[in-house]
Amino acid sequence: MAMRELVSGGAACATSGSSSSSNPLGSLANALLGSSSKTQERLREIPTSTAIPSDGSASVGTGEPLSGLPGSELDHPLQPNAQGSEFLRGFRSADQHGLADVWDDIQRPQVNFPPEHMLRQPDTNGPPQRVLSSFLHSFVNSSHGGIPFCPATLPVLGLSAGDKQCIRDRSSIMARHFFADKSEDFINAQVNALLSSLEIDNDIRAPGPAFKRYKELEKYWHETHGMRPGPNPADGWVAEFAQHPVGHGDPSTWVQSFEQEHGANGWASEFEHEHAQLASMDHIRGATMPHLAAMEQTRMLANTLAQNNDPKFQNSKFFQFVSKMSRGEITVEDNQIKPATLSAPGDWATEYQQQYSGGQTWADQFVHEELSKGPNGWVDEFASERGHVDDGWVNEFSKLHVNDWAEEFGRQVGEGTFGDSSADNWASAYDEYLNEQTALKQQSESSRGVYVFSDLNPYVGHPNPLKEGQELFRKGLLSEAVLALEAEVLKNPDNAEGWRLLGIAHAENDDDQQAIAAMMRAQEVDPTNLEVLLALGVSHTNELEQAAALKYLYSWLSHHPKYGTVVPPNQPDSLYYGDVATYFSDAARMSPDDADVHIVLGVLYNLSREYDKAIESFQTALKLKPRDYSLWNKLGATQANSVQSADAILAYQQALDLKPNYVRAWANMGISYANQGMYEESIRYYVRALAMNPKADNAWQYLRISLSCASRNDMLEACDSRNLDFLQKEFPL
Amino acid sequence: MPVFKVPFNGYSVKFSPFYESQLAVATAQNFGILGNGRLHVLQLSPSPANPGQPISEISSFDTADGVYDCCWSESHDSLIVAAVADGSVKLYDLSLPPTANPIRSLQEHTREVHSVDYNVVRKDSFLSSSWDDTVKLWTVDRPSSVRTFKEHAYCVYSTAWNPRHADVFASASGDCTARIWDVREPASTMILPAHEFEILSCDWNKYDDCVIATASVDKSIKVWDVRSFRVPVAVLNGHGYAVRKVKFSPHRGSVIASCSYDMTVCLWDYMVEDALIGRYDHHTEFTVGVDMSVLVEGLLASTGWDELVYVWQHGMDPRAP
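The listed protein sequences derive, respectively, from chains B and V. Here the UniProt record's numbering is used: the first residue of the first sequence is 1, the next is one more, and so on. Here the UniProt record's numbering is used: the first residue of the second sequence is 1, the next is one more, and so on.
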């Protein structure tokens, strides 16, 4: 849910209750670089330093020789040719060169140890933190008095599947620490209350009876251990588990096989592929995991049943399984599409798609496994997910057409006027439905973000919905424009412009989910559309999905008629931030008057959190394009991220002057006011934004937070029931 | 006495073994359940120039997931090891600019890393323990772990090197056992079924290399002599909730500091009859980090989920101005 940050000004970025958060790296860099000379000085003292209190443990043992630790897995001692010994020699030569140099030396093998910030951003926002934070707080607090946890209803948080996994696993483990006095049932109830109110599928609910067995097993396990204080538990399942961490024919857990792969790759290649692996780690922790795990689970159960000749083994397997289950490592995932939380299945689908196309080994393995597993749950699930749509369609169709048609047909046959037009009508209506259906299917099969159409659309059947949509968009009637454009893309699913405009309308309406889904479709139809590529780059930057963002920004450059030459002809497998930034800097030098290049540079600097540079780029672009309201919004958002909320408000005001119905800018205004602690002000802006687009779920969350922060708890109910009239009366702007 | 506010929930605090005024604090957003983390390096600056701020921040490093624990290198004064909830172990060098940090990110654990502990004898290696049930041994010069210890059947919450023997360490796990290991041996040398509930922490007596303390969800701390481990040497009752960390004093052999989910920090002398010798209830949320300074006798530091870091002298009120 990082997508708020760039486009919408990043209140979510603010860490709960702190003022020092929004741009930690920027200020940190200043603080550190500003005093670097001092640090250096201090460092050089160290090797010979006697200023250290003489406590014995405080000696600086730089010259201590290192021998390999016996019993190491790598059973040869450290040889001087080992790559790490550079590091050590550096240590030893510290006296001659000064430690600072030594550490610089250490930095030199960049291939092996690239500074991590290149690989993964410390995403300071994540999900809407304040909402979540207070929510988790009440969960934790419930342990103080042992009061059953009664969660408040939550707005849609848009937690990713990975986030959910984290919450589930960690809260299960931690709850067992807080609620030591309580029964297992109580603990499960507490965790379940937390999870279900966050709309996290909880596996702990499912294995009710299994959990009891787990307790028995646990007892069994303790008994055996109590009797075995000796150093050799080799006959136990524990040892078995330890000795075969990557069991071969074993239904080795998926995580283990990943570990195995990691190990096999070796350090150097691991770092070469760090990008990919970090990405895949995310995916592991993310959405794909539950599905894999679900398959794993069934496989293990089957295995257990098959091997009942060895009760001990069976028990151990089972224990392992259930204990993992209790930790949420194995999930009985039944991810159903819930309209309110589209993110989960959508993200999953996207991630899966990205994984797959990324061609990473484990993805292949997964696919391979999936195929070999035959009736893959995925397909079933997909079918069941789509089921309701099919049903709906069938019902609707039979209701609307079959009967009508039959009657009509009968009547017409009776009248003897059977012929061209009516049959054609029916056929075309049927075809239309079929097309629609195929379109829906293609869309979800394509596994991109799934676009959700509005239920009732008065523009369906409009002679020229695209033109209408453009007109409405120009007038700033965004919600209406969305409907018209939906009608257009329903009619012409291959209309890239329709999808693109739809995406933009959603983005300006502060609905990122839909915006991304629409942009994905636009890109599918027209893979080289520069505006679409830029929009996707921005969206993924907001999501802090650096790899994806770089991919789209890179494509933007390579498809650009002017700058295509800047980039190497073949897109490398993995893009590095530094490379892409260089290409764009080159492009900016080539034509310093192209606002677009500066915009992309601004986006890129947001990606690396160099907000000052980003602001500079956007300001340059604004000199060239002073009437681009979305550009003003980007500038404002960046300034907000860089803890310049006051400046941000000026920028948003510019955007609103240019486009008064720019919902996102209204919401961003609210965020900036909230960031400055002016909650009452922020409420007015949120309400204004919501009056224009009541579907902006995030704005509802922000409103709720501001209401609580402004101690306007009396209005929370109006907020929860989304009573806009009431709110507007109370908070006029 | 000094207090410092951090933006996230405190998870661990450690005094520098080199400078009496420096300490590192590991923090995580949303109680470490979800969100980012940050490693702070703080300075106790008694400088009269800034009397209003008894503690200042030297540096801080952001991570994409919560930081559950940290430890200082025993060989180099600017090196800190952090245990990160995303399964990575990260090394930070304070003398380098933030862009160059972390200098290493060791990604081997498959689940949250819950603790790190630096070897005080060899000074070149450290241990990490994780919710993936394993303990890993690392040296600063190697890019991958030297060894993985995989015997525990549930999360390993902490490890502690023996203060005398370079190869011996103890681990505390949610499988209700503590284990003693010699890194030269293929398997653990001793399994101590120390509590009926999960064991969250363990530490060695700094003056008697056979004595170990374990802290458990059962609210008790038990002190064991590994030579006769059937009966604990002492059982310290007094905490009202799970005991999160236990730490032997570097200055007095029988003194133990502990912190608990009951929001207190307690000091114990396990040799005397009324073992509880100090109780501090200055935190307003779970207290999950406590440390005792090696360089200043009686100096304590604690952190908790109330986002505060306290540093105080034993016997003083941590909240006193």
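No lab work stands behind these hints, which were simulated from the structure alone. These numbers come from a predicted model, not from an experiment. Note that CB positions come from ideal geometry on N, CA and C, so glycine has one too. Where hints are given, some of them may not hold.
[Claimed, not checked] Partner residues are not named here, just some residues of chain V that face chain B (Cβ under 8 Å, in silico): (1) W131; (2) C155; (3) E198; (4) Y261; (5) G298.
Status of the hints after comparison with the structure:
{"no.": "1", "hint": "W131", "in the structure": "holds, 7 Å"}
{"no.": "2", "hint": "C155", "in the structure": "holds, 6 Å"}
{"no.": "3", "hint": "E198", "in the structure": "holds, 7 Å"}
{"no.": "4", "hint": "Y261", "in the structure": "holds, 6 Å"}
{"no.": "5", "hint": "G298", "in the structure": "violated, 15 Å"}
Figure legend: structure checked against the earlier numbered hints; the only hint not met is number 5.
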